[in-house]
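Read off the chains here:
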Amino acid sequence: MMQFMLLFSRQGKLRLQKWYVAQPDKARKKITRDLVTTILARKPKMCSFLEWRDLKIVYKRYASLYFCCAIEQQDNELLCLEIIHRYVELLDKYFGSVCELDIIFNFEKAYFILDELLIGGEVQETSKKNVLKAIAAQDLLQEDEMMDSILREHGLI
Amino acid sequence: MEVANTIKQVINDAVERVKMPAPLRLRDLIRMIRAARTAAEEREVVNKECANIRNTFRDEDSVWRCRSVAKLLYIHMLGYPAHFGQLECLKLIASPRFTDKRIGYLGAMLLLDERQDTHLLITNVLKNDLNSNAQFVVGLALCTLGTIASVEMSRDLAPEIEKLLKSSNAYLRKKAALCAFRIVRKVPELMEMFLPACRTLIAEKNHAVLITAVTLVTEMCEKSPDTYNYFKKMIPTLVRTMKTLILSGYSPEHDVSGVSDPFLQVKLLRLLRVLGRGDQEAAEAMNDLLAQVATNTETSKNVGNAILYETVHAIMDVQSESGLRVLAVNILGRFLLNSDKNIRYVALTTLQKTVTLDQNAVQRHRSTVLDCLKDPDVSIRRRAMELSFQLVVESNLESMTRELLAFLSRSEPEVKSVCASNLVSIAERYAPSPSWHFHTLYEILQAAGNYVRDDVVSSTLQLVSDSPAIQAEAVSLLWEAVKNLKNLEDYQPLVQVCCWCIGEYGDSLLSIPDVPMDEVLESFQQILWSPHVSIITRQYSIMALEKLSARVPDTTNRIRSIVDAFGSHLNVDLQQRAIEFGALCRSFDHLRGPILEKMPPMPVDKDSKRGTSNGAGDTNSNDVDLLIEDGISTSRDRDPTSSDSNVLLNIIDGLDGDNDLGMSSSSAVYDSSDFSFAMGFKNPQPPITTSSNIFGGVGGNDLLDLLGGSFGDELSTPAPEPLSLTSVGPNITSMPLFPNFTHSVAINGGTEISGQSQQHELIPGQYFPSSFFSMNKPEQQSSLWLGAEHDGIMSEYGKAILAYSDEHIWIIFVPLLAYSSQTTIVMQVRAGGRSSQSQVNDLIFQAAVPKSLQLTLDPPSGTSIVQGTVITQRVTIGNPSKATLKMKLKISYSVSGRSQEKIQEIHDFPADFGMS
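Taken in sequence, the protein lines are chains A and B. Sequential numbering of the first sequence, starting at 1, is according to the UniProt record's numbering. Sequential numbering of the second sequence, starting at 1, is according to the UniProt record's numbering.
The hints are simulated quantities; they were obtained by calculation from the structure and are not laboratory data. Don't take every hint at face value.
Here are the simulated DSS-like pairs of lysine-lysine, each with C-alpha atoms no more than 30 Å apart in a straight line [said to hold, decoys possible]:
| # | chain 1 | residue 1 | chain 2 | residue 2 |
| --- | --- | --- | --- | --- |
| 1 | A | Lys128 | B | Lys374 |
| 2 | A | Lys18 | B | Lys186 |
| 3 | A | Lys13 | B | Lys8 |
| 4 | A | Lys43 | B | Lys374 |
| 5 | A | Lys45 | B | Lys353 |
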């Protein structure tokens, strides 16, 4: 089971954090700080895995963003790279060639997409199409509500 | 008038409203924060906005609540406190609008976790939404529950999840299955409720539902043997599902670079692995499939290798047929040649686990593994090194040692010390001859310089001392090496070994024609005066010089002048040695020869070297239902009879007790609990049973008489820790007998370094006949380690924890990473005083650990803390079952005559305590 996922920039700024195990805020911050410094210090020719406490850390850099996951001992680190890649593909499809700014300004969308891919640190959907469909349908619900309230404001309904 | 007031009020309100525009949009806030040039500026923007957000919350403004929470979530990600938004999230969730719910649930997942007291509130809103008719509302609730469910929430909401597992909607079924997974992880006994639904889910065609169901079932099978037995019947179904999956044609929706649904394949393999563990029949049912996956998977991309990697694990875990195992190891061998560093890395980690199962299959890939020692990636090199050490056997000893020595000399500092210690231990284990062993140790010392663990020095010395055949060669080899060293300070362990050998066997240098003694002495002078050489190395070399004076008589005068220069050295110990040597030459020159005689051979006791606890101690301790280990039960070379008597002594010693701390009282404390007991900080020296063999034949008693005076008085006065059973005063046995014994100088018998009494006491103790050395060797060595640690040159320290503190003293535990392993934690206990004025005496540190752990305490460096000195003691905790570390401490000491006794329990060791 994935215990948490962190997205951070090359400057070490946190862009997204998802915790599947309960941790007090202080511990989260410390873990994040530790891992961000460790990973940023690693050289590009080093492999994507490291052992950290009793977990395996899997990270991968996409452009200016690092995607970092903590998985348990019996989990498959090569597959974890695929999960990260799948998430990146989904972001890319959703935003249309995604960049760091998309994730900064639409961080809630990035969370929504992740929540349709994983639940409780496990994969819930292996079809890209289904994930995007679910997101699109929910976005549509939001838009409908917005239209509704605008019309209501202007006394049109 | 009233009307005018009302109008005024209305106008004021209108103005207020115009002045209060709609709150900042999320986008604009992000822009403003990003525009901040300094951290202070950013903080200002955030604080201002937080104040605004608080205001909208206070006003119960439901129109802007959603926007405020979204902004707060962004601020939270930047690391600012956002707990005040927790309740607002719950209000959003309760709103009928989907937009509100979506942000509300997102906020709940980020800001609440299972520790929050909002549990009841969130449980209620979740329950509400789980029963909603709108699929996406239920979806949000399921997602949130799957992320933050606590034990209580799991109990309260499990029935809802069970209902949803049977929903006709696949979107909800898959989410419910992962919620159930989370619930089972939290509260395993709720598992039964989900079992019936699982049976149907596991046969689903829908990939999403199937993968979540497989995840759930895997978890249940790992948690409960009953479920495991039940689902074992499903193996054929699962095998069929997997086969269909592999053979199914191209399906764009689930394919990843030509591999059909790798996520599902890996999960299925994992479940098969769990189900087939330790069951011959189950293994046979899946042999075919595993072979098929292992041979047919496309390996050009990472996905394929991810599946193969999982397959290898399955084959290794399941009792697969041997052909399949070889196939699996060969897959890993191919991985080692892969251009992708990640794949090479997992291959090495997996081979490390496999090597114990199938040594031969892994041996076949030895040369590939050795090639990985040259990998550009340091983590791969490190793994390859670890694996290489596992692959060393007698038959490949020579070639492996050569490769690893080459690796050692080119590796980076952080790897060097681990590599060096591993080499030392394989050399020790497999050495075909003492000569080979010595040459290997010598090369390790040369290649690793200061990065060798400090026990390498003592084991090399022991080896040389125990093998007379190599002594002459060793001396000349070491001398050649040290003579040619450019920077002595980087090779201090080597210099130490060289010094010691020259001191002991320096006379053999005379037989080599082109070694002038002058040159040797010059080198010594250089070592002694070079600024970066540690005190320990200097102690070695001063001691060696003194000994050399007895080997090569015509050097005595020159040596005296070199040593005399240290009579005013700032370091108390060096100074003391120099003055003592002076006194010895001046007043007792007839004794110098016998006193500085060669040490007798120190036989190597391989069993105790492995750190196993003393067997005799165990049996004896059963009688008193306590495992009493004094520091000395770790000693290395005692014949069985003396070991027995010593242990007996220890026990009696403990039971009779001193310093009001008899075992009778301690057993009252610890007897009932499940603790084994060890004593420490107590008597740093082994009890001596007879006096005759100590002084036998060398005129030791004369020495006592000669030096008489105050020393005699010292002996006859009862020591602070009376060891009434020992027929010779304990102070003698505690004397420093070796250069490296210095760190206990300050403390033997509770005396402090100050004034004359110490001089009186130490002079005679320093030089005992050589027969004495063998008696005390264990102590020499352990304090040699202590000394080195104290100096901080060669050990890696882990993160220390404060174990105990009060108004007088503090005690910290410093893990010594270089000595620790997965199953052993070695740490240094350091005790110091709070105030430099008051003096702490008779400090006794005792520790107990649960019975599944083994505790060994080395002798402490002393029992008194004065003027900022620190007492150190080495503690080894064996933890073969990797149980949680717990400790009970009993600390007693006296301050200005009043004795104190404290008990402390430590439960909260950090999980990684002592691990590197």
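These are the hints, each one checked on the structure:
no., hint, result
1, Lys128(A) / Lys374(B), "violated, 40 Å"
2, Lys18(A) / Lys186(B), "holds, 19 Å"
3, Lys13(A) / Lys8(B), "violated, 51 Å"
4, Lys43(A) / Lys374(B), "holds, 17 Å"
5, Lys45(A) / Lys353(B), "holds, 25 Å"
The structure does not agree with the numbered hints 1, 3 stated previously, though it agrees with the rest.
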